[in-house]
Amino acid sequence: SVTAILAGILEGGGVFDAEAPVTEYIPEAEGSAYGDASVRNVLDMTVSLDFEEAYLDPQSAFARYRRATLWNPGGGSESLAAFLLTIQRLAEPHGQTYRYRS
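Letter by letter, the sequence shown follows residues 1 to 102 of my numbering.
Simulated restraints, written as ranges between beta carbons of each label pair:
no. : residue 1 : residue 2 : range
1   : D17       : P58       : 37 to 43 Å
2   : A91       : G8        : 27 to 33 Å
3   : Y25       : R99       : 18 to 24 Å
Hints listed in this document are in silico derivations from the structure and should not be mistaken for laboratory results. Heads up, the beta-carbon is just placed ideally off N, CA and C, and yes, glycines get one too.
Model the full assembly from the supplied sequences, consistent with the hints where possible.
Right, dumping it as structure tokens:
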């Protein structure tokens, strides 16, 4: 992805550390599923997130995600950043399983 390419360029230039915890760059992530993940886990999509793309359930986390990104008409008042910090962590350690998420 473009994000990973840019991260690689910044890392190569010594400006960015992909092995650093997410909280080094986003302190607000403390206490969320991302709180103890590394930036590399995020870039590699190996963060242990309890998030399923349940397209038909209007109460699912995926439906909240769609509202936060304004994909659905009449989107909610929750911002994408606020939504992402509410996702719960699975018991599995980060870095174990690739999990594609939209």
